[in-house]
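S.K.: For reference, the chains in residue letters:
Number of protein chains: 2
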Amino acid sequence: MAPGGLVTHVTSRQVVATYIVETSLPLDVAAEVLAGEQSTGTFVRVERESDDLRARFAAQVHAIEELPLTGGSPLPGSIGDPDERRRARLSLRFPLDNFGPSMPNLLAAVAGNLFELKEFAAVKLVDLELPLPFADRYPGPAFGVDGTRRLMSRSEGAMIGTIIKPSIGLSPAELAELVGELAEAGVDFIKDDELQGNGPAAPLAERVRAVMPVLERHADRTGRKPMYAFNITDDIGRLAANHDLVMAAGGTCVMVCVNLVGLAGLEFIRRHAAVPIHGHRAMIGAISRSDQVGIGFRAWQKLARLAGADHLHTNGISNKFYESDAQVLDSIAAVREPLLGLTSTVPVLSSGQWGGLAHATYAAVRTTDLLVLAGGGIHGHPDGAAAGVASMREAWESAALGETADTAFARSQPLRRAAELFGPVRA
Amino acid sequence: MAPGGLVTHVTSRQVVATYIVETSLPLDVAAEVLAGEQSTGTFVRVERESDDLRARFAAQVHAIEELPLTGGSPLPGSIGDPDERRRARLSLRFPLDNFGPSMPNLLAAVAGNLFELKEFAAVKLVDLELPLPFADRYPGPAFGVDGTRRLMSRSEGAMIGTIIKPSIGLSPAELAELVGELAEAGVDFIKDDELQGNGPAAPLAERVRAVMPVLERHADRTGRKPMYAFNITDDIGRLAANHDLVMAAGGTCVMVCVNLVGLAGLEFIRRHAAVPIHGHRAMIGAISRSDQVGIGFRAWQKLARLAGADHLHTNGISNKFYESDAQVLDSIAAVREPLLGLTSTVPVLSSGQWGGLAHATYAAVRTTDLLVLAGGGIHGHPDGAAAGVASMREAWESAALGETADTAFARSQPLRRAAELFGPVRA
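As they're listed, the protein sequences go chains A and B.
Take 29 as the starting number for the first sequence in the working numbering and just add one per residue.
Take 29 as the starting number for the second sequence in the working numbering and just add one per residue.
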């Protein structure tokens, strides 16, 4: 099969799902197995499965491009001659009429039983093209970049934020004290750790009650209210009340762990929310880390944006997790690509971030419409949190001006001091 | 580290999460990395991370048991000397106070960022022990085995069901005709395919309107109303209305694709539902198929039951998917194990099922408190659906009597005819 073979016109009533697969079947046969399982087929041909029905409802093979094998282990239970195994990028076209513009029902077709097919030694959903009816049904982000900048009074430049550390265990009083220090230090944004939910040791209501007066006093004094993303992740039936608690206290952001309430849970709270939704991607590794199975970030982030994430975690370069810089930069680019005319979502860079990564990141992404979070990188700066924030902000300002990292370091004492602890600098 | 080393008392305020891991770090060090990341740790020690805080909130290593390596590829981005890599079963104890008995917040701790740790060449959550406060918060299944049997008037024996095939594409009129035939054929249960959601080609409302009068007429005539699981999977905000549509028409079951609305979505509709919830596990392969990453069925099914699944798909032996019989039988056993005093969930066996698998299945599971679904195996029986149902029921009755498969085949013409198409028989 020639690379790109089979591509035909995609209509506004079709979804294209793209997979990385490995199989010992001929690639065109394997593609038909996948298309059949996910639309009109069953394991024996049954009455009423007419040719007309198949013509209207069967998924169609859209494109097949063979790729080199990677040497990865085949998935458990896969069948076929290992010597015949080939890897490919395979796209299927699904009629929208099969499921309508409903995310959960779409997923049954493009990401349902197919991961269990024994004909595949690898099968990973890596991209989705969705037609406009999805944007008619789902409004997407309500705030995005502009709304977030407005609420945090940061009209330009990278938005600099931090994460409450230690993740859990602070009393509300200690939390309030820390938040006061961080606000004083000049951050635009503070977030709860994803581990800080609504447990008995620090209930959300108590955290809100402790934190918001500190931020309000800071705003009265300075004219800027840092955005605090309270983690409202919880049972679906509690999300609205959790959100309302934050709103009532003057909060300007809620954080939702998208995979923990489900994409559908995010969509549910989006219908209710009156502040930006900070979309955390905890558990993403469970579905996306394997090269052989699951759902890649590029496909997943489209659904999270459609479901209404105003901010979405992408990881940052030189992070403490497994992802390469290339993967991270692709994730940031993916979140910034236009999607069905929706308001743009803010990529959130975090994990091991500090000022020394600004120039290398900016060189690749060419924007400051980013929320850059440093936990240890701000709290742990040798000269304290204010110096931590200054080091981040000065580095990003320099990068956005087109300067070199060397220039920034020559000018910025906080950045030089940060490098003593967090170096080396990424040029 | 000795097998089972480190086990200490688990209290009613702790969760134990068990993982399969591979790492090049010493196992005890790797265990501390995992425990730290998922509780009080960050990548630099920060102010306020006191020893007292760690003592109260840090996750603790509970047990480490080294396992043989399997030869599977390490996860992308994992670090360390490959020659040092070891595999282990590792359990951590988490203080319940960190998250409280909230499933989404629990998941942040036991199944959040940890899948992204580069210290791990494999990291899969395989089991969970939950303390009683979870059962105080979540009522679990409302109907389970007994409620399901009552509603379908099948007080004993395996519950025999089928799936609408072709999966999608039937008009409501064709669907009604097929349902009439299947009811006539004597099935206890019929379900929508997971691919049949609420699309424009066959909206749920039209399906309900077409199907329910057929079942009501059948019930008037025979005294038995087969249970029909309408797939109500959709946006969270539409689940209750979808459910109510089914109820209003006299329906006795709704199907929810658990992973597509999220475990949290299932829990949400459970609070509203007045009929059994048929839990489909579409997408489970994305999180559970890899041996190296994700969440195993044994852990996942506990959460699905807690969230209220009255029925839960487990696959069946000799299925058309990748799972071995051993895996399937372990899944069925897992669903049948007691869990926090909850009402028992019905395991749902499907995929390539026919009468010839009854004796081998029964020999392993020793119960008929099962919903056994055959799609092609009933629709595609050489003598029609009634013979298909008879072949299934006669085989399961024989198995439950302790007979051999040979005895059943000698007696049952429908079973012999089924074997011509679906054989060989599993003794």
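Incorrect hints may have been included.
Claimed, not checked - Derived SDA-like pairs: lysine to any residue, alpha-carbon spacing no greater than 25 Å straight-line:
no.	chain 1	residue 1	chain 2	residue 2
1	B	K146	A	A388
2	B	K146	A	S101
3	A	K146	A	R237
4	B	K253	B	A361
5	B	K253	B	G172
6	A	K348	A	G278
7	A	K348	B	R114
8	A	K146	B	E422
9	B	K348	B	L367
10	A	K348	B	S101
11	B	K348	B	V154
12	A	K348	B	S78
13	B	K348	A	K348
14	A	K146	B	K253
15	B	K348	A	A391
16	B	K253	B	R178
17	A	K348	B	I107
18	B	K348	A	A388
Just so you know, the hints here were simulated from the structure itself, not pulled from any lab data.
S.K.: With reference to the structure, classify each hint as holding or not holding.
M.R.: Against the structure, the hints come out as follows:
1. B/K146 with A/A388: holds, 22 Å
2. B/K146 with A/S101: At roughly 19 Å apart (the allowed maximum being 25 Å), A/S101 and B/K146 satisfy the hint.
3. A/K146 with A/R237: violated, 53 Å
4. B/K253 with B/A361: violated, 29 Å
5. B/K253 with B/G172: holds, 18 Å
6. A/K348 with A/G278: violated, 34 Å
7. A/K348 with B/R114: holds, 21 Å
8. A/K146 with B/E422: Violated. A/K146 to B/E422 sits at ~30 Å, over the 25 Å cutoff.
9. B/K348 with B/L367: The hint is violated at about 30 Å.
10. A/K348 with B/S101: holds, 21 Å
11. B/K348 with B/V154: Measuring from Cα to Cα gives roughly 24 Å; hence the hint holds.
12. A/K348 with B/S78: holds, 23 Å
13. B/K348 with A/K348: violated, 40 Å
14. A/K146 with B/K253: It is violated: about 36 Å lies between the C-alpha atoms, which goes past 25 Å.
15. B/K348 with A/A391: violated, 49 Å
16. B/K253 with B/R178: Judged against 25 Å, a Cα distance of about 11 Å means the pair holds.
17. A/K348 with B/I107: holds, 11 Å
18. B/K348 with A/A388: violated, 49 Å
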